[in-house]
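Taken in sequence, the protein lines are chains H and P.
Everything in the first sequence is counted per our numbering, starting at 96 for the first residue and increasing by one.
Everything in the second sequence is counted per our numbering, starting at 96 for the first residue and increasing by one.
For the record, the hints were derived by calculation from the structure and aren't laboratory data.
There could be a bad hint or two in this list.
Since the list can't tell identical chains apart, any single copy or any two copies may satisfy a pair.
[Unchecked claim] Below, a list of computed lysine to aspartate or glutamate pairs in the EDC-like style, where the Cα atoms sit at most 16 Å apart:
#	residue 1	residue 2
1	Lys482	Asp288
2	Lys101	Asp165
3	Lys515	Glu500
4	Lys430	Glu123
There are 2 protein chains.
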Amino acid sequence: MQDPLKIGIAGLGTVGVGVIKILEQTAERIAARAGRPIAITHVSARTRGKDRGVDIGGYTWCDDPGALADAPVDVIVELMGGSDGPALVLAQKSLSAGKHFVTANKALIAHHGQALAESAERSKAVLRFEAAVAGGIPVIKALCDGLAANEIVSVQGILNGTCNYILSVMDQEGADFGDVLADAQRLGYAEADPTFDIDGIDAAHKLAILAAISFGAQIDFDSVSVDGIRAVSPVDLDYARQLGYRLKLIGRAHMVDGMLEQRVAPTLVPVGHPLAAVEDSFNAIVFEGVPVGQTVFEGRGAGEGPTASAVVADIIDIARGGDAPAFGVPAAALKKLSATPTEARQGRFYVRLTVEDEVGVAASIASLMRDHGISMDSLLQRGEAGKGEVTFVLTPHRCALSVIEAAAEARAALEVVLSKPAILRIQDQDDV
Amino acid sequence: MQDPLKIGIAGLGTVGVGVIKILEQTAERIAARAGRPIAITHVSARTRGKDRGVDIGGYTWCDDPGALADAPVDVIVELMGGSDGPALVLAQKSLSAGKHFVTANKALIAHHGQALAESAERSKAVLRFEAAVAGGIPVIKALCDGLAANEIVSVQGILNGTCNYILSVMDQEGADFGDVLADAQRLGYAEADPTFDIDGIDAAHKLAILAAISFGAQIDFDSVSVDGIRAVSPVDLDYARQLGYRLKLIGRAHMVDGMLEQRVAPTLVPVGHPLAAVEDSFNAIVFEGVPVGQTVFEGRGAGEGPTASAVVADIIDIARGGDAPAFGVPAAALKKLSATPTEARQGRFYVRLTVEDEVGVAASIASLMRDHGISMDSLLQRGEAGKGEVTFVLTPHRCALSVIEAAAEARAALEVVLSKPAILRIQDQDDV
């Protein structure tokens, strides 16, 4: 058997500790699978003395994570997070120095993946980030290796466990977003600052990574259209059910006329759709490929064990000599795709608006729709006696988002409309 | 870019044609992903002249598939099928000659996988069989690579699309097994000789392969306990629903006290279980791993496109220089595990029996259960007025299969029992 593969870890939070546990406690199994022993030799974190439940006394300590790039290690594992700052510096230094680099950092890859992949290839280092997308579900390896024979037509998924947990609880209990979020924060299921999760940014990072690999394109985080779940009301979850759907935060990317369309949005998916039944903090990803058809991958998208599982899988890949390009093809072969212009983005929509309960209100809404050239799949009207207001849920035929937004704006200007219309996506099984 | 990787294909049925289509029609994309061009140079099949919809005129033809092992090719792709005969001869000759060998042949691997893996390692050839299990779902790569950091606790799945299709139609239409099978054969969803599929043998081949990789064990097809779906009646599907379950043909392997338990059996899985909602000819596999938790993989398990997708993924792996052992660890490191003895196999069961509708019949069944020391989770009794018979569905507490079988035998001997009791498995989410 060969010499051990020497590992330096930057960041000793839960995931870092999870990686140490796997590599130390199951060293023999890992060595059998990797074809050689794997030895942690250097670590770096913010505080040294902290009790982490694992003994780090045998590793060389570095106060400065950037120093790992100069240490005698083969692979640097970055688990600090953040799209810039120390994580980016470490990535750049490591790859320039020809050291392999494994990270769980979706923000880093979403913003700097192309440059880092180019740097890795220049110095014949390997860049891996399985843990950055969907935690324990080996979805990047599935795309790069298992589905490598396919033309990917679309990728979509539930990419943020916190949002899926919040929507699941709202759906089960009819509770308001704010209350469920507060509970989730108390229970540790949501961060103290939940912005990246609930505003869809975390899901957008992951989607941009998946899209780049799926379509052989340079990563383009900036063109992802992003809506989070703050505006979702329990009545939307309820109406979705009545219409035969479930409401989920879905990230979706596909090609339209040679342009890349990427969006993260609260979306109605029909019962029977593989994403409709994904509950709690689970993640799931659906690829449509030619010739493979539809494949679905589901599992835990976060947490110590699942994320560490993915990090160690990358380390094993490197130990075996795996040196395939980070995004499936050489960085220079990744195409620079245009994004579909916002006004060209089409789809199906769910529009909910609450209006004063007065004579002729349905007529004025109907004429407004007509005036915007919008025809309807379904219209649901419900008033509550004595409350003086009535709710309309409209699902127009497939049309451009811009048309819906224009109509919604005009509608909002109607005196009878009591609150901002809610606009959600509908994604049927056979929609492009 | 390097020289082309030269491929010889034995067997030009639908899958072989699918492989040719991918490699010829998307050659540029495949070369970008593989890091080098891939060129088919030799082919062999039963008849040469047949119109297959692809042009094979540019390839060197071999009447004898075994001749491919002597041809100047790097990889031999075996798509003939059969656990012995020409497929085995070709595998042995190819691997001994140091040629890489890719196959979709589950019977071959289930019976000879250990010997072939040893032979491959002796001559530093690569053996790959992603397409042998679950068609287009890259589940072997997921196990060997994506989940490589884990201790696998159990693997279970819907591994045969024909059986799942038949059970889905029986469930939807209340139709009898024989009628649905005949329809499926007419429509081409089932083979003229459906034995391997409906008797569970095909699923058992796949399960044995997954179990070997999951538990780092020598493949042991002979110890798989196998029941097919011939005896399933539409009433069982209906009772399963009433009890909150779906009835599926499930293959399952897990370790009990250091021994390997593998079974294929019609099984009740609760609604909400990831396998319960898998319909039609789809396949799905669920792994329980430490530390990753539960991961689920779903997709098309058969057919030209999905199977060819998996075959070409293996070819790309080889083109990139992937040389990890076929079963995840070197063949010599695969343990020889004992199988759990039949009488030690425990579980939960569904027992249905039809008896004469006469006074005291419930009492005699109840006493018989008591005499065998079996206690009940639930008992469902239903008679149809005027028909003179009544059906009991019993779900005992967790117990040994042997106890249930002894009781069923004693019950069958009761004069009032009108037909052979049906015994099915129950597999709850949290059952070991």
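Hint-by-hint comparison with the structure:
For the homomeric pair Lys482 and Asp288, neither the shortest alpha-carbon distance inside one copy (36 Å) nor that between copies (67 Å) is at most 16 Å. Within a single copy, Lys101 and Asp165 get their C-alpha atoms as close as 13 Å, which meets the 16 Å cut-off; across copies the closest is 42 Å, which misses it. Within a single copy, Lys515 and Glu500 get their C-alpha atoms as close as 11 Å, which meets the 16 Å cut-off; across copies the closest is 65 Å, which misses it. With identical chains, the CA atoms of Lys430 and Glu123 are at most 16 Å apart between copies only, with a shortest distance of 14 Å across copies and 42 Å within one.
Hint check: a violation occurs at hint 1 only; the rest are consistent with the structure.
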